[in-house]
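Colleague: From just these sequences and the hints, can you work out the full model?
These protein sequence lines map, in sequence, to chains A and B.
The numbers in the first sequence follow the working numbering, run straight up by one, and end at 310.
The numbers in the second sequence follow the working numbering, run straight up by one, and end at 310.
Careful: at least some of the hints might be erroneous.
Which copy is meant is left open, because identical chains are indistinguishable; a pair holds if it fits in one copy or across any two.
[What the hints assert, rightly or not] Under the rule of at most 16 Å between Cα atoms (straight-line distance), these lysine to aspartate or glutamate pairs were calculated in the EDC-like manner:
(1) 213 with 202
(2) 142 with 185
(3) 290 with 185
(4) 134 with 108
(5) 47 with 185
Source of the hints: derived by calculation from the structure; they are not laboratory data.
Note that the structure is a prediction, hence the values are computed from the model and not measured.
Number of protein chains: 2
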Amino acid sequence: YVTGGSQGLGRALAKWLVQNGASDVVIVARSVDGLKKVLEELEVRVLHHDPIRRYVSADLITSKGASEALEEAQKRHGRYPDHYFLCAGYSRPRYFIDHTPEELQGGLDATYWTTAWTAHTACKAMVANRIKGRIVMVGSFLSYTAFVGYTSYSPGKYAVRGLADALRSEMLLHDITVNLFLPGGIDTPGYEVENSSKPAPTKKLEEGDTLITAEECVNHMVRGLQRGYYQSTTMFVSELMRMGSRGGVPGNNPIKDFFMWLLAGIGMPIWVFFMDYTVKGFRKNVQRELEQKGYYKRAT
Amino acid sequence: YVTGGSQGLGRALAKWLVQNGASDVVIVARSVDGLKKVLEELEVRVLHHDPIRRYVSADLITSKGASEALEEAQKRHGRYPDHYFLCAGYSRPRYFIDHTPEELQGGLDATYWTTAWTAHTACKAMVANRIKGRIVMVGSFLSYTAFVGYTSYSPGKYAVRGLADALRSEMLLHDITVNLFLPGGIDTPGYEVENSSKPAPTKKLEEGDTLITAEECVNHMVRGLQRGYYQSTTMFVSELMRMGSRGGVPGNNPIKDFFMWLLAGIGMPIWVFFMDYTVKGFRKNVQRELEQKGYYKRAT
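Modeller: What follows is the structure, encoded as structure tokens:
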């Protein structure tokens with residue numbers, strides 16, 4: 011059961027699952043056209059597996075939409091899924107004071123509620139039917155730390171981490187496994203849209219970042235799951251951030267974790283200093299722009 | 011400008027502010043009766059200060075409610091506040107599968123949106139009027155880590171931390187200071203309500219916790235602010251959690267932080283082991299209860 015299955019990470023994951031022999035894959039997203047296109051691609055490439063592949067079109071930002079989508083999948087397959095990959099979501103970076111309330115609400119819906127409602131309906135279905143399954147949530151590097159531009163994104167991605175952390179503990183009661191995958195920037199259509207609204211200081215801070223393809227990203231996710239890691243990431247700097255920010259959750263490889271923890275402890279204050287220094291460098295420009303836009307009501 | 015000012019931490023903070031000479035204090039909450047009562051208490055105790063004290067009754071879980079409350083305060087005082095203390099919020103611990111969608115939504119509204127909407131309207135007002143003020147958000151120990159029972163609370167409190175982290179960076183552009191205060195359990199009417207719905211494993215995990223009074227809590231907050239700490243807490247264990255979970259944000263006292271970081275690195279895996287061990291100990295009981303309630307649809 012893959013949400014956000016019409017593009018980006020969700021689509022690449024659905025392909026990986028089919029190509030690696032998964033027999034019942036359901037992809038869920040809003041866009042029927044997008045879902046059909048993915049289904050065609052899967053058809054062509056892996057016809058010899060003959061898996062039962064379906065799609066469900068649904069708006070997952072409501073509790074009703076999320077549970078109807080799951081009921082639909084159950085009806086078509088005759089059973090509830092046992093693996094849930096919650097990949098739906100998007101990011102629209104912008105200055106906080108420029109965000110409309112609708113954008114802030116939409117940002118939280120797209121990051122948090124798309125994940126939480128499906129997790130809720132999935133947990134209830136798995137517990138009631140005694141399915142010892144797995145839920146994989148998708149966080150972000152920006153679930154660990156946040157900076158200028160991400161006030162409509164980081165809160166939701168932090169919230170996903172909060173839900174995963176609480177649920178990992180709680181689902182020990184029902185033998186259901188919860189994992190959290192936290193990728194960095196992925197080269198997807200979503201990333202291009204994201205960049206079009208990105209404030210100047212945010213772009214500057216991300217200058218050196220390298221994007222990975224959705225397929226590489228899936229490989230990172232799968233490797234983390236195969237190794238039994240609760241949280242896994244895609245980049246060196248995310249591993250540092252994991253060791254500086256994960257709090258009370260299980261670690262991964264103890265030896266690697268130890269060195270990353272040391273490095274994170276030394277590197278974090280330096281990182282914060284340079285991030286803040288860069289942001290402050292934009293202060294004059296940003297204030298001049300606001301002045302020119304007539305944003306200020308009172309002269310200084 | 012103190013939200014959640016009718017009880018608990020917000021009420022205690024409003025009192026502290028008036029008693030320490032703040033001349034214009036506005037308290038905001040839903041309950042008019044509660045607000046009036048606080049105002050009477052303040053009247054009696056500190057009449058000699060003669061501060062202009064007002065209350066605004068508002069529902070802060072909507073953007074409209076939050077900005078109307080601020081406009082009301084502006085109208086009465088003739089200016090926008092320069093210090094915002096966002097204390098509104100509550101917690102209703104329960105098992106995830108027992109939560110109704112309304113409870114999950116309400117939990118996020120009460121923790122995240124009460125804070126985010128006021129922060130949004132406050133930032134816009136401060137930037138537009140060139141007020142070099144301060145926003146203090148209230149997170150929780152459960153902004154750093156989460157466990158069984160807190161799926162309607164921790165996501166919102168993690169989200170508050172995400173917002174504070176992003177906003178601390180962004181508001182460097184406008185000389186506005188953002189702080190995050192993360193208390194442990196406080197002995198308030200809210201805590202009693204919280205305990206009435208708390209699942210058995212959650213109670214067990216919190217068995218050794220000591221509550222502090224709202225007044226002690228305010229002292230911790232004030233001390234952190236006076237020392238210029240971005241994040242401050244109320245307990246030793248929260249300090250450990252801060253060093254294991256804060257990610258890319260400024261630290262406090264470098265020497266204390268260093269020792270706390272060492273301790274957190276050693277202690278965290280042990281803490282996780284015992285937390286998980288305790289939760290697993292409830293597995294049989296919880297499953298038997300669900301069996302008796304007829305929750306299971308399929309026999310094992």
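Colleague: Each of the hints needs a verdict: does it hold here or not?
Modeller: These are the hints, each one checked on the structure:
1. 213 with 202: within (13 Å within a copy, 47 Å between copies)
2. 142 with 185: Within one copy only: 6 Å inside a chain, 51 Å across chains, cut-off 16 Å.
3. 290 with 185: between (48 Å within a copy, 9 Å between copies)
4. 134 with 108: between (39 Å within a copy, 9 Å between copies)
5. 47 with 185: neither (36 Å within a copy, 49 Å between copies)
Checked against the numbered hints above, the structure violates only hint 5.
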